[in-house]
Amino acid sequence: MDQTTNSSSNIWYTLGGIVVIIALAFWLFGSATSPAPSATTQTPSDNTASALTSEFNQTADASAALDQDAAASAQVVQGF
Amino acid sequence: MGVVGGIAVLLLSTGVAFAKEQATSTRSENKGGDYRMMSASTTERMQTVRDEAKTRMTTQREKAMKRVADIRDGAKQEMAQRIAVQFDNLNSTWTDKFMKLLDRYDALLVKVESRVAIAASAGEDTASTTAAIQSAKTAILTARTAVVAQAAKTYVLDPSTIPATATSTVSGQEKIMKSLRTSFQTLHTTLFKDLFALRDGPMKSARTAVQNAIQSLNSIPGADEETATSTAASNR
Chain A
1 MDQTTNSSSN
11 IWYTLGGIVV
21 IIALAFWLFG
31 SATSPAPSAT
41 TQTPSDNTAS
51 ALTSEFNQTA
61 DASAALDQDA
71 AASAQVVQGF
Chain B
81 MGVVGGIAVL
91 LLSTGVAFAK
101 EQATSTRSEN
111 KGGDYRMMSA
121 STTERMQTVR
131 DEAKTRMTTQ
141 REKAMKRVAD
151 IRDGAKQEMA
161 QRIAVQFDNL
171 NSTWTDKFMK
181 LLDRYDALLV
191 KVESRVAIAA
201 SAGEDTASTT
211 AAIQSAKTAI
221 LTARTAVVAQ
231 AAKTYVLDPS
241 TIPATATSTV
251 SGQEKIMKSL
261 RTSFQTLHTT
271 LFKDLFALRD
281 GPMKSARTAV
291 QNAIQSLNSI
301 PGADEETATS
311 TAASNR
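Here the protein sequences line up with chains A and B, keeping their order.
Counting with our numbering, you get residues 1 to 80 for the letters of the first sequence.
Counting with our numbering, you get residues 81 to 316 for the letters of the second sequence.
Be aware that a few hints might be false.
[To be verified] Which residues of chain B face chain A? A partial, calculated answer using Cβ under 10 Å:
| id | residue |
| --- | --- |
| 1 | L181 |
| 2 | V190 |
| 3 | V192 |
| 4 | F264 |
Derived from the structure by calculation, the hints contain no laboratory data.
Ideal Cβ positions, reconstructed from N, Cα and C, are used throughout, including at glycine.
Chain A extracted, bound-state conformation:
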């Protein structure tokens, strides 16, 4: 009976140890493959709908600038 109890405990300890080793392996694997922070790593607040709307509105479509360049070029050509 004692021998049976002992071997049963040993099996449980062994199983527990295997699970711990697997968990550590997941942890180490995750740390090893995590890429270095890059310029594109974004904080959660960078891509909220309101932040994106704001960023979009600040992105000029260059319409006015092209009109200005057209006018400037026309003036140069007229002055020739």
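Since the structure of chain A is provided, determine the placement of chain B on it from the hints.
Just chain B now, kept in the frame of chain A:
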């Protein structure tokens, strides 16, 4: 024994959750990498078409400059030489600007996609936003193609329109100046007609499509929740 088993299970579930989070982060960074690759390849293509156009027009450009060199007035000759190259320079400048603008639109879409992924994992309906993102990507790609096509165009003086005889006489000089003025006006009109068509066509469509994607994101309830896990935690 039970404690050991419990700790082991806790460590295992933490490891699994961490690995999953890394996978999600890697996926969104891969999308950012995809847009950077596309941007880099389009920029290379643009440079290639510009180099080809430059090579193609070298002879015409040299002949045109020889005609310009017939102008006796030094100041006017210098001005003509400056104007002759400004059209190609303007085309390069604006195709670069348009391409950079498309890169910014792509970067915005990557952020929209990552936010949609968070909303989707929280159980929100993201079908219409996903469709809007796809439309925006298509519009941006169409615009990139149009910009590369514009970059391949050249606006070079046609030497055959400039008289080459009797250039030393006063009337000869007047004829040269008149034909140069006409040629410059034609080049200016053609260049800006093409650039305006690009700005008001594919570029505007791309901008509108990106705006629609962002507006669609706005319409998802809880779109601004930090993470799916924080959403789930706050809903308990």
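Going back to the hint list, which numbers does this structure go against? Hint check: nothing fails, all pass.
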